[in-house]
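Chains U and Z, in that order, give the protein sequences. Just so we're aligned: the first sequence equals residues 0 to 359 in numbering that gives the first Met the number 0. Just so we're aligned: the second sequence equals residues 0 to 359 in numbering that gives the first Met the number 0.
These aren't lab readings, by the way, just hints derived from the structure by calculation. Mixed in with the good hints, there may be bad ones.
[What the hints assert, rightly or not] Some chain Z residues judged to face chain U by a derived CB distance under 7 angstroms, without partners named:
| no. | residue |
| --- | --- |
| 1 | P15 |
| 2 | S17 |
| 3 | G33 |
| 4 | C37 |
| 5 | V107 |
| 6 | E109 |
| 7 | T238 |
| 8 | P240 |
| 9 | G243 |
[What the hints assert, rightly or not] If you anchor each label on the Cβ, the simulated ranges turn out as follows:
| no. | chain 1 | residue 1 | chain 2 | residue 2 | range |
| --- | --- | --- | --- | --- | --- |
| 10 | Z | E24 | U | N210 | 42 to 48 angstroms |
| 11 | Z | E59 | U | D91 | 40 to 46 angstroms |
| 12 | Z | T89 | U | G319 | 53 to 59 angstroms |
Built from N, CA and C at the ideal position, the CB exists for glycine as well.
Protein chains: 2
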Amino acid sequence: MTHRIWNLSAGPAILPESVLQEAQEALLSLGDTGVGICEHSHRGAAFVQVAEEAEALCRELAGIPDSYRVLFLQGGASMQFAMVPLNLLTPDATADYIVTGAWSKKAVSEARRCGQVHVASSGEESNFSRLPRTHSWSSHPRYVHFTSNNTIFGTQFASEPEGIPEDAFLVCDASSDIFSRPIDVSKYGLIYAGAQKNLGPSGVTLVIVRNDLVESGREDLPAILQYRTHAAAGSMYNTPPTFGIYLMMLVFRWIRDQGGLSGMEQRNRRKAARLYEAIDCSSLFQATAHPDCRSMMNVTFVTGDADRDEAFVAEATAAGFNAIRGHRSVGGMRASLYNAFPSEGVDALIEFMEDFERRQ
Amino acid sequence: MTHRIWNLSAGPAILPESVLQEAQEALLSLGDTGVGICEHSHRGAAFVQVAEEAEALCRELAGIPDSYRVLFLQGGASMQFAMVPLNLLTPDATADYIVTGAWSKKAVSEARRCGQVHVASSGEESNFSRLPRTHSWSSHPRYVHFTSNNTIFGTQFASEPEGIPEDAFLVCDASSDIFSRPIDVSKYGLIYAGAQKNLGPSGVTLVIVRNDLVESGREDLPAILQYRTHAAAGSMYNTPPTFGIYLMMLVFRWIRDQGGLSGMEQRNRRKAARLYEAIDCSSLFQATAHPDCRSMMNVTFVTGDADRDEAFVAEATAAGFNAIRGHRSVGGMRASLYNAFPSEGVDALIEFMEDFERRQ
Numbered sequence: 000m001t002h003r004i005w006n007l008s009a010g011p012a013i014l015p016e017s018v019l020q021e022a023q024e025a026l027l028s029l030g031d032t033g034v035g036i037c038e039h040s041h042r043g044a045a046f047v048q049v050a051e052e053a054e055a056l057c058r059e060l061a062g063i064p065d066s067y068r069v070l071f072l073q074g075g076a077s078m079q080f081a082m083v084p085l086n087l088l089t090p091d092a093t094a095d096y097i098v099t100g101a102w103s104k105k106a107v108s109e110a111r112r113c114g115q116v117h118v119a120s121s122g123e124e125s126n127f128s129r130l131p132r133t134h135s136w137s138s139h140p141r142y143v144h145f146t147s148n149n150t151i152f153g154t155q156f157a158s159e160p161e162g163i164p165e166d167a168f169l170v171c172d173a174s175s176d177i178f179s180r181p182i183d184v185s186k187y188g189l190i191y192a193g194a195q196k197n198l199g200p201s202g203v204t205l206v207i208v209r210n211d212l213v214e215s216g217r218e219d220l221p222a223i224l225q226y227r228t229h230a231a232a233g234s235m236y237n238t239p240p241t242f243g244i245y246l247m248m249l250v251f252r253w254i255r256d257q258g259g260l261s262g263m264e265q266r267n268r269r270k271a272a273r274l275y276e277a278i279d280c281s282s283l284f285q286a287t288a289h290p291d292c293r294s295m296m297n298v299t300f301v302t303g304d305a306d307r308d309e310a311f312v313a314e315a316t317a318a319g320f321n322a323i324r325g326h327r328s329v330g331g332m333r334a335s336l337y338n339a340f341p342s343e344g345v346d347a348l349i350e351f352m353e354d355f356e357r358r359q
Numbered sequence: 000m001t002h003r004i005w006n007l008s009a010g011p012a013i014l015p016e017s018v019l020q021e022a023q024e025a026l027l028s029l030g031d032t033g034v035g036i037c038e039h040s041h042r043g044a045a046f047v048q049v050a051e052e053a054e055a056l057c058r059e060l061a062g063i064p065d066s067y068r069v070l071f072l073q074g075g076a077s078m079q080f081a082m083v084p085l086n087l088l089t090p091d092a093t094a095d096y097i098v099t100g101a102w103s104k105k106a107v108s109e110a111r112r113c114g115q116v117h118v119a120s121s122g123e124e125s126n127f128s129r130l131p132r133t134h135s136w137s138s139h140p141r142y143v144h145f146t147s148n149n150t151i152f153g154t155q156f157a158s159e160p161e162g163i164p165e166d167a168f169l170v171c172d173a174s175s176d177i178f179s180r181p182i183d184v185s186k187y188g189l190i191y192a193g194a195q196k197n198l199g200p201s202g203v204t205l206v207i208v209r210n211d212l213v214e215s216g217r218e219d220l221p222a223i224l225q226y227r228t229h230a231a232a233g234s235m236y237n238t239p240p241t242f243g244i245y246l247m248m249l250v251f252r253w254i255r256d257q258g259g260l261s262g263m264e265q266r267n268r269r270k271a272a273r274l275y276e277a278i279d280c281s282s283l284f285q286a287t288a289h290p291d292c293r294s295m296m297n298v299t300f301v302t303g304d305a306d307r308d309e310a311f312v313a314e315a316t317a318a319g320f321n322a323i324r325g326h327r328s329v330g331g332m333r334a335s336l337y338n339a340f341p342s343e344g345v346d347a348l349i350e351f352m353e354d355f356e357r358r359q
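Whole structure, please, built from the sequences with the hints as guidance.
Structure, rendered in structure tokens:
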């Protein structure tokens, strides 16, 4: 038995142990093929079946309409920061961005290289501890972009931003909360997510995009930067990240077996609620995100004293809680409770926090 | 014991069994960290150590001078088809391409979207069974691009193309023979290789690039498409494909333990020579590449009769030789003998071919 510790990493992040165990077998032989998962040609029957099951399960879990393509790409959200405006932001149009932290700022700065960007709202005044509730749209935005969950500041939209201008489509960077709860894909033009929080290892990116946007995208880009290239080739224009897609397929099976996205939401709500409650009851710890905007995925908290934060991080790390340190840009603590993080781990963390508090 | 068959896939391709066994352990816990390799933050000490060892071993194996950067990127050779000209082909300059098959054609077609391209030579007249020996350069090419090995037509440059114009730098797509033999990096401006043949799984790309080219590249591109972005961030501008880099590190260790790149070359020469000899001695099989241009990596051959080829492929597959079918664009057979393919597998294949021939 391998000894595993509680992994609170914000990403790459914890994966279900049963998934990793199955992947262990597949490294030497995928099923009874006698060839490991990393060693199969992406065009051979064995891997094609994996890719097809990954897409089918993805569609089933999220109820993705036929009018959307499901793409498995590379480059993470950072590549999508560029691909979205490159493909979809025509030179005479403006895109509206909701700024809720470091990742949406990066998305804005990449979009500005490609076309006109309007910041419709920003949480910067509250140092991103709150999500903006009102937005000042440009006259006819081509699309509205938002980041559904913010790993650094521990905030999360409870649902899609409201009042999106007619004719604009919604684009979402869902990297850090994709498939943590049900999603109505039909409300979106494009959803993208790096896999390395809820879906699999780093190096594979899920893109769900409406057919008409694929078709109307710019054609004067390098082939590999066009959505149409990947859509036409069934995500096999170039050699796809086969191991990542395989692991994602196993994670999709695991999510299905746990009750699908509703099952995930119930689990995640319960885990996060317990931890926030413990923090709210504590006289030592405080949550940094405004109660209305708290993330179910990343619980950020502080003691209010940097030295004590440091002591807590050191002791928690020694006690077997991995990567509980807050993002280097904000300090403090962060417990990332992604889909695969077990509720027993939350109990253990709360117990450790209570013990730490008693000892102060 | 997992039963493994002889895997002749052209890519993704066979990996050393000892590497896969070590990776199996690491999936649940990297060393004694209690956290799996896919689950570690890329900024945590455990993964940073992996990335540093991967780069150090890469530099050691290939004797890479300090004046070069080693980058681990995503998107494979296809992304480099675009990134090379986007970064390095100034609008007033021309790049010369040597065309030796489908992959160099793709490189040309992507470069044409970015700037002026001159085809300096092409093997198309011989249907790519020969490599061009003479080249007609443009007046002042910015760089000369070639594909060192061609997986589809089974040809390989014995050494760098000769007579490169002064002031031009050499760019090489070495995806399918990187680290199969020693390489004098100082002859190149930039070398790129998708990992999925000799180095690791698909989804990670090795780029070795001279510092001055990183620094002089275009600055008006999306950040993620600029070499300088990745160089400045030590390949961690965005979340890198951590599992792929880890596997590459293990493969680098394995290559070092097998005698480094000279050890690889000896092994590879011996394996390929034995198979070509068997084909040349056969009255049924013929090699498709011209003897001067034969690849050590991909041995392509036919019987001269499409039905008989089909029968051979079917019987060989049933006998436990995986992916021996030639590329779908050319048919026939292909045995890919990358670094990790064992010489016992070559013996087994020759025996099977001799047996098949006797039965005709």
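With a cut-off of 7 angstroms on the beta carbons, see whether Z/G33 makes it to chain U. holds (4 angstroms)
Mind checking the hinted window 53 to 59 angstroms against the Cβ distance between Z/T89 and U/G319? Holds, at about 54 angstroms.
Once the shortest beta carbon distance from Z/E109 to chain U is found, is it less than 7 angstroms? holds (6 angstroms)
Could you check if Z/P240 really has its C-beta closer than 7 angstroms to a C-beta on chain U? The hint holds - Z/P240 has a Cβ within 7 angstroms of chain U, the shortest such distance being about 3 angstroms.
Using the beta carbons of Z/E59 and U/D91, state whether their distance is inside 40 to 46 angstroms or not. Hint violated: Cβ distance 53 angstroms, outside 40 to 46 angstroms.
Z/V107 as chain U interface residue, shortest Cβ-Cβ below 7 angstroms: Where the cut-off is 7 angstroms and the nearest Cβ of chain U is about 12 angstroms from Z/V107, the hint is violated.
Per-residue hint verdict: Z/G243, partner chain U, C-beta under 7 angstroms: With Cβ-Cβ at 6 angstroms, under 7 angstroms, it holds.
Is the interface hint for Z/C37 satisfied, with its Cβ closer than 7 angstroms to some Cβ of chain U? Cβ of Z/C37 sits 4 angstroms from chain U, so the hint holds.
Should the hint that Z/P15 touches chain U count as held when the rule is a Cβ pair under 7 angstroms? violated (10 angstroms)
Can the suggested window of 42 to 48 angstroms be confirmed for the beta-carbon pair Z/E24 and U/N210? holds (44 angstroms)
Next item in the hint list is Z/T238. Is there a CB on chain U closer than 7 angstroms to its CB? holds (4 angstroms)
Should the hint that Z/S17 touches chain U count as held when the rule is a Cβ pair under 7 angstroms? Interface hint status for Z/S17: violated (11 angstroms vs cutoff 7 angstroms).
Against the hints set out earlier in the document, violations occur for numbers 1, 2, 5, 11.
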